[in-house]
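Line by line, the protein sequences are chains A and B. Each residue of the first sequence is one higher than the one before, counting from 1 in the numbering used here. Each residue of the second sequence is one higher than the one before, counting from 1 in the numbering used here.
It is possible that some hints are incorrect.
[Stated by the list, open to error] If you want a taste of the chain A side facing chain B, the calculated C-beta under 10 Å gives, among others:
(1) Leu31
(2) Ile105
(3) Ser200
(4) Val370
If you're looking for bench data, these hints aren't it; they were derived computationally from the structure. Cβ coordinates follow ideal geometry from the N, Cα and C atoms, glycine included.
Protein chains: 2
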Amino acid sequence: MAFINLDHMSYKPLLPQVKSAMKAAIDMDFLNPSSMHKNGEQAAEALARSREAVRRLLNCSDAKEVVFTSGGTESVNHAIKGAAAANIEKGRHLIISNIEHNAVIRSAKRLQSMGYSVTSVSVDGKGRVNPDEIAEAITGETILVSIMHSNNETGTIQPIEQIAEITRKKKILFHTDAVDSVGVVPIDVQQLGVDLLSFSANTFHGPTGVGGLYIRKGSRVFPMFDGGVQENNKRAGTENLIGIIGAGAAAEETQQHLAQWQAHTLGLKRYLLAQLPRYIDEYIVNTHPVHSLPSMLSVSIQYIEGESVMLMLDDENIAVSTRSACATGSLRASHVLTSIGLSHADAQGTLVISFGKDNTEAQIDRFLGVLKNVVATLREISPLYNKTPR
Amino acid sequence: MAFINLDHMSYKPLLPQVKSAMKAAIDMDFLNPSSMHKNGEQAAEALARSREAVRRLLNCSDAKEVVFTSGGTESVNHAIKGAAAANIEKGRHLIISNIEHNAVIRSAKRLQSMGYSVTSVSVDGKGRVNPDEIAEAITGETILVSIMHSNNETGTIQPIEQIAEITRKKKILFHTDAVDSVGVVPIDVQQLGVDLLSFSANTFHGPTGVGGLYIRKGSRVFPMFDGGVQENNKRAGTENLIGIIGAGAAAEETQQHLAQWQAHTLGLKRYLLAQLPRYIDEYIVNTHPVHSLPSMLSVSIQYIEGESVMLMLDDENIAVSTRSACATGSLRASHVLTSIGLSHADAQGTLVISFGKDNTEAQIDRFLGVLKNVVATLREISPLYNKTPR
Numbered sequence: 001m002a003f004i005n006l007d008h009m010s011y012k013p014l015l016p017q018v019k020s021a022m023k024a025a026i027d028m029d030f031l032n033p034s035s036m037h038k039n040g041e042q043a044a045e046a047l048a049r050s051r052e053a054v055r056r057l058l059n060c061s062d063a064k065e066v067v068f069t070s071g072g073t074e075s076v077n078h079a080i081k082g083a084a085a086a087n088i089e090k091g092r093h094l095i096i097s098n099i100e101h102n103a104v105i106r107s108a109k110r111l112q113s114m115g116y117s118v119t120s121v122s123v124d125g126k127g128r129v130n131p132d133e134i135a136e137a138i139t140g141e142t143i144l145v146s147i148m149h150s151n152n153e154t155g156t157i158q159p160i161e162q163i164a165e166i167t168r169k170k171k172i173l174f175h176t177d178a179v180d181s182v183g184v185v186p187i188d189v190q191q192l193g194v195d196l197l198s199f200s201a202n203t204f205h206g207p208t209g210v211g212g213l214y215i216r217k218g219s220r221v222f223p224m225f226d227g228g229v230q231e232n233n234k235r236a237g238t239e240n241l242i243g244i245i246g247a248g249a250a251a252e253e254t255q256q257h258l259a260q261w262q263a264h265t266l267g268l269k270r271y272l273l274a275q276l277p278r279y280i281d282e283y284i285v286n287t288h289p290v291h292s293l294p295s296m297l298s299v300s301i302q303y304i305e306g307e308s309v310m311l312m313l314d315d316e317n318i319a320v321s322t323r324s325a326c327a328t329g330s331l332r333a334s335h336v337l338t339s340i341g342l343s344h345a346d347a348q349g350t351l352v353i354s355f356g357k358d359n360t361e362a363q364i365d366r367f368l369g370v371l372k373n374v375v376a377t378l379r380e381i382s383p384l385y386n387k388t389p390r
Numbered sequence: 001m002a003f004i005n006l007d008h009m010s011y012k013p014l015l016p017q018v019k020s021a022m023k024a025a026i027d028m029d030f031l032n033p034s035s036m037h038k039n040g041e042q043a044a045e046a047l048a049r050s051r052e053a054v055r056r057l058l059n060c061s062d063a064k065e066v067v068f069t070s071g072g073t074e075s076v077n078h079a080i081k082g083a084a085a086a087n088i089e090k091g092r093h094l095i096i097s098n099i100e101h102n103a104v105i106r107s108a109k110r111l112q113s114m115g116y117s118v119t120s121v122s123v124d125g126k127g128r129v130n131p132d133e134i135a136e137a138i139t140g141e142t143i144l145v146s147i148m149h150s151n152n153e154t155g156t157i158q159p160i161e162q163i164a165e166i167t168r169k170k171k172i173l174f175h176t177d178a179v180d181s182v183g184v185v186p187i188d189v190q191q192l193g194v195d196l197l198s199f200s201a202n203t204f205h206g207p208t209g210v211g212g213l214y215i216r217k218g219s220r221v222f223p224m225f226d227g228g229v230q231e232n233n234k235r236a237g238t239e240n241l242i243g244i245i246g247a248g249a250a251a252e253e254t255q256q257h258l259a260q261w262q263a264h265t266l267g268l269k270r271y272l273l274a275q276l277p278r279y280i281d282e283y284i285v286n287t288h289p290v291h292s293l294p295s296m297l298s299v300s301i302q303y304i305e306g307e308s309v310m311l312m313l314d315d316e317n318i319a320v321s322t323r324s325a326c327a328t329g330s331l332r333a334s335h336v337l338t339s340i341g342l343s344h345a346d347a348q349g350t351l352v353i354s355f356g357k358d359n360t361e362a363q364i365d366r367f368l369g370v371l372k373n374v375v376a377t378l379r380e381i382s383p384l385y386n387k388t389p390r
């Protein structure tokens, strides 16, 4: 029974080019990019090539605007806490939304405990922020707005350009958590107009534990790590060179193939949406019909537990997700799903199905066939399902 | 002309076992350790194995006390800023020494700018802190003492156990930056008595960009990264699994071979010290004769520039260092060398020679032969050398 990965939000397989670049780096045994020997220079060149690949992928004007980090979470923490600390003279007010990733929400909470105030704007039934609400929330004390590019549980994409217009006029820093977007949809920092953008290499088929923060030239943001002068003085510490080389190879490939991957996954998403009613009934599609990632779909199947569905699918070697992998272990209903108005019960029945470039329609067919049986089995023993008149 | 690496402080080659473990991880294409599928469980098990290997290397009582980070700099920042933030109710005073790594000094400076006060104790002519000075510097406001285990420029080892006795009595957190010690000398957190200990995997032949922080159970330290629940809630963010697997393999090998490597490098250090007067004169040995790393030697060669020596050696395919690679680009004299009483001129003439398990006496002979010529050439054109009466 071949493994079917419909959980690309948790992990995207490394591209062959990433694997070979990382293995070559391991064999080269690069020296420290900061050491002043010939080998150190080689390492510094490899680092520069990766930075340039990311610069191109995001269309930054200068490679120095790209800071490599240990992943999306570090990037988000760096952006929010670094901007807050650097602009404390100007004010202590931040604006986020109710459906941000925990990296944003908990960074904001940490700042609250240090005397900052945070406004969290709500979203509509499909998880979209209203830019007008952001404009209204801005005060003379506001130093940062942080709104995610796409949501990791629903796939809904936010009106980033419109928000950026507002923050630019007000000269307030704007950060977007694009961890689930870079590598899935085209991301152009000039077009978006953001000052800060967080990304993760695994979303574009690079290794986990590598990511970056785009810091537009002139943005006042303190480093998270003080120490050496690495990363153009924006992030101290000897670099994860093997990982960064993998990220660079992934960025190069992604830039070449993104349009094709995007079309392919969008095709699968549409296929699944079209087929779904043939297999199950009584479900809610949480993903925005227009403004959403091509690669994922959030569906709440009523009267059952998503976790049970996931485990039964796992037995059939099919991976889907119920929510962010980062929240594993938490028993509370997802703050994202309750924010879009789902009941606690419907939120518990949610599946996140996320596609990758190698998925096929045949895999979707097999998934739907298994899902049908799983749902029937679970509803058979569901008191709620059996008590509901229909 | 075979490459001779006498700069193991900047980079230690990956062990064969590390290379093969990392390549296998790349091929396995592990899923996210937090995802709830079979593959996610495999990833979680690999992560647990690496954590256990580090626990054994450091003799922690519980693997949960080991937090994997993106390297020594993150660990140090986490320890210092995390302890400062978590204990602000108790006080805002920190104690460090004048010869700490920039990660410590600049983290302390960052905290100073936020209203904390910092006492930096001096060191003697061989770079050792006097524990009595620490005891005297402690006030009712002191919340953290951070003293490095060994210095990255001189190799001098500090009296950590004696300092820990003092901090334990006063119930003050004690952090040691052991980035240059773990993998070079035996490190036992129980014997040292520290609460927090930073390490870097490359020092024990693991990949760069991976390290960790030992946090003794019960120590009040806030995370650096807020977000998901990874690393037992002590460090959010999807793990650099490939790197951590490399670090785990490195820790296992190091534990088995450390005594042998230690004896080997100490033999080379003694050999070099014994041979040196046969090749050059007018130099100062900065490394402590007793309390120092077996693997390195800091020597100030008078009347010449260490940087010129380093570059001329590089032409001969021999790598040595003048100072911490992290400080590359800085033109100021090393704060460590001026702290031990060296003149600015002598500090500029300093070479750091650091040995690894694969260096040989024949390599030392070749290095000394080349060094002799380099020093003679540079002194020939040194006005200072030629004007000095002798």
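Hint by hint, here is what the structure shows:
no. : hint   : result
1   : Leu31  : holds, 4 Å
2   : Ile105 : holds, 8 Å
3   : Ser200 : holds, 7 Å
4   : Val370 : violated, 14 Å
Checked against the numbered hints above, the structure violates only hint 4.
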